[in-house]
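Asker: Spelled out, the chains give:
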Amino acid sequence: MKKILLLLLVILILAACSKEPSIDDTMLDSGLYFDQSIYEPEKYLVSAFNPSPTPEEALKPVIITIHGYGATTFEWDEFRSWAGNRDDFQISQVLLGGHGRDYQSFKSSTWKDWQKPIMEEYQKLEQQGYKNISLAGSSTGSTLIMEMLASGYFDQRLKPKHVFLIDPIIVPSNRLLSIAHVVGPFVGYTTVTNTGGEEKFYYNFRPQETLNELRKVINKVRRDLEDGIKLPAETTVRVFKADKDNVADPVSAVLIYKGIKTDNGAAIRVDMVPSRIHVFTRLNLRSEAPSAKDIENQRTAFTEIAAELLR
Amino acid sequence: MKIRLSILAILCTALLAGNKAEGQVHSFDAGLRFQKSAGLYFENGLTGQYHLSNRWVLGASYISSRLGSAIGSNAIRQDNLILSGSYLFRPGKSLKPFVRANAGYFMADYEDELFGDLPQSSAIASADAGLVYSFKSPLKINLSLGYNAITGSGDQGAGTLYPIFYQTSVTWNFAKTLRESASAYQKE
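For the protein sequence lines, the chains are A and B, in the order given.
Heads up, the first sequence is in my numbering, so the first residue is 3 and it goes up one at a time.
Heads up, the second sequence is in my numbering, so the first residue is 302 and it goes up one at a time.
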C-alpha cells in the first residue's frame, strides 16, 4: 500500500512539474520581436509624443486603446490606419504589462501587471493637462477597463469621457478556463493556432499561470457586474459584441448590459454585431480574407467610435 | 378516530418497515439542493429522491440562480429541471458512495429583446459522483462533484451553462418518519 501511495505521489509531482514549450525563432514568444511601442513609445503613446499640449490640444479627445490577452499594440493598428491623418482626435496605443516581450515575461506577469500601463498612460495624460480622455478595449482589454471602473480607480481622477468595449470577455467560450487553476499545473501551457503573420504579434503559447490570472480577473469583473457598476456622470459606455464568438461568449454582453448603469440608472448601449470574428475590429493577418461584411463591421465600429469621441 | 389511526399505523408499518435489511426501499426523500458551478453561479432549489431498491434511486430536482446568485444581484436568472438515476454502493452503511446520471432542461432569461437571438435554453446531460450520509434520524446529506456534457461554445449553446459543478443536498426521509410514528403509536 505504501508503495502505491509513493508511486501516486511521484506521478503527481512529475505531472505538476513546470512544462516549457518549444519556441521557434519566428515567434513573438522567442523574445526576438518585442512590440515596437517599447522602442518607439512616441509613435504609440500620446503622453510620449506630445507631453506638453497647448490649451487647444489639451481639449481634443485622446483615446487610449488597449489590446487583449496574449496580443500586442498590433490589435489596434487598423484603427490608427483608418484614422489616417485626422487631427480631430489622438490615439494612444498601450501595450499591456508582460505582453509583447517574451514567453518568460508573459509567464511571470499578473493581471495587475497587465493593467498597470493603462493606468500609467491615463495618469500621465491627466498630469500633462489633457482634459478629454476616452478608453477603448478589445477582449481582455475591455475587462481590465471595467475593473478600473468597478474598483474606483477614477474616483479621485479626471473621469473618462467615453468607454468602448469591443468583444469584452466575461464568459469565456472555452469553459475549461473556469478550472484553469485546477488543471493548469498538469498541463503547463496551451498552444494557440496563429497564422504565420500573427505569430510575431500574438503569443503562441499561453502559460497556465497567465490563464489562471485571466480566470481571476474575469471572475472578479463578473462579480463586480453582479453587484452593479455605476458610471460617473461624465462617462458613457458602449459595447460592440460579435454575436458568434468562440473566445468571448456573446452572453458576456448580457452580463455587462445588466451590470453597468449610467449615473442616472439608465441602460448602456450594446450593439450585437453579426460576426464570427473575436475582436472583429482587427482583420489583418487572419487565416481567412475578410468578407465585405467583416470590413463593413469594422468600418462601422471605427466610424461610430470616432463620431462619439467628437460628440 | 383512534381506530382509523391504528389501521393507518399498521399499514404504514407493514408497507414501510418491511424487511429491515431492505433499509429504505420504496421510500421517499425530499429536501433542499445547493449547487455551484465552478467559475459561475450558485443555483439552489428543491430535490426529491425515490428509492426503487436499496441500490437504485430515481430523483428530480429544480434549481435556479433565482434562489442563489441572482438574489439581489445582476446575475442572470436561470432555471434547471433535472431528472436523475443514482446507484448506491455499500447500501447497508451510513456512508454510501454513489454515482448519478442526470438529464434535464436549462432555461436562462436575458430580460431584453436585444439578446433575443442568443441561445437561452439547452438540454442538460450530466453525471456526478459523491457520498451520501444517512443519520439515525431521517436526515440525509449528500455531496457530489459533477460534469455537464453539454455547455455553450460561443458559437452555439447557452452561455451560462458551465461544465464543472459541485452540490450538496440535505433531505428528509419520509418513510423513516412515518415508520417511527407508526411504531410509536403501536407502543401506545
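Rather than coming from a laboratory, the hints here were simulated on the basis of the structure.
Hints are supplied without guarantee of correctness; some may be wrong.
[Claimed, not checked] Here are some chain A residues pointing at chain B (derived, C-beta under 10 Å):
{"#": "1", "residue": "Ile-25"}
{"#": "2", "residue": "Leu-34"}
{"#": "3", "residue": "Ile-40"}
{"#": "4", "residue": "Pro-43"}
{"#": "5", "residue": "Leu-179"}
{"#": "6", "residue": "Ile-181"}
{"#": "7", "residue": "Arg-217"}
{"#": "8", "residue": "Asp-265"}
{"#": "9", "residue": "Asn-266"}
{"#": "10", "residue": "Ala-268"}
{"#": "11", "residue": "Arg-278"}
{"#": "12", "residue": "Leu-312"}
[To be verified] Straight-line Cα separation of at most 27 Å, BS3-like style, residue types lysine-lysine; simulated pairs:
{"#": "13", "chain 1": "A", "residue 1": "Lys-163", "chain 2": "A", "residue 2": "Lys-109"}
{"#": "14", "chain 1": "B", "residue 1": "Lys-337", "chain 2": "A", "residue 2": "Lys-218"}
{"#": "15", "chain 1": "A", "residue 1": "Lys-222", "chain 2": "A", "residue 2": "Lys-246"}
{"#": "16", "chain 1": "A", "residue 1": "Lys-263", "chain 2": "A", "residue 2": "Lys-114"}
{"#": "17", "chain 1": "A", "residue 1": "Lys-222", "chain 2": "B", "residue 2": "Lys-337"}
{"#": "18", "chain 1": "A", "residue 1": "Lys-114", "chain 2": "A", "residue 2": "Lys-21"}
All C-beta atoms in this analysis are idealised placements derived from N, C-alpha and C, irrespective of residue type, glycine included.
Asker: State for each hint whether it applies.
Answerer: Hints, one by one, checked against the model:
no.: 1; hint: Ile-25; in the structure: 28 Å, violated
no.: 2; hint: Leu-34; in the structure: 33 Å, violated
no.: 3; hint: Ile-40; in the structure: 32 Å, violated
no.: 4; hint: Pro-43; in the structure: 35 Å, violated
no.: 5; hint: Leu-179; in the structure: 7 Å, holds
no.: 6; hint: Ile-181; in the structure: 5 Å, holds
no.: 7; hint: Arg-217; in the structure: 7 Å, holds
no.: 8; hint: Asp-265; in the structure: 17 Å, violated
no.: 9; hint: Asn-266; in the structure: 17 Å, violated
no.: 10; hint: Ala-268; in the structure: 13 Å, violated
no.: 11; hint: Arg-278; in the structure: 7 Å, holds
no.: 12; hint: Leu-312; in the structure: 26 Å, violated
no.: 13; hint: A:Lys-163 <-> A:Lys-109; in the structure: 34 Å, violated
no.: 14; hint: B:Lys-337 <-> A:Lys-218; in the structure: 17 Å, holds
no.: 15; hint: A:Lys-222 <-> A:Lys-246; in the structure: 24 Å, holds
no.: 16; hint: A:Lys-263 <-> A:Lys-114; in the structure: 25 Å, holds
no.: 17; hint: A:Lys-222 <-> B:Lys-337; in the structure: 16 Å, holds
no.: 18; hint: A:Lys-114 <-> A:Lys-21; in the structure: 24 Å, holds
The structure fails to meet hints 1, 2, 3, 4, 8, 9, 10, 12, 13 from the earlier list, while all remaining hints are met.
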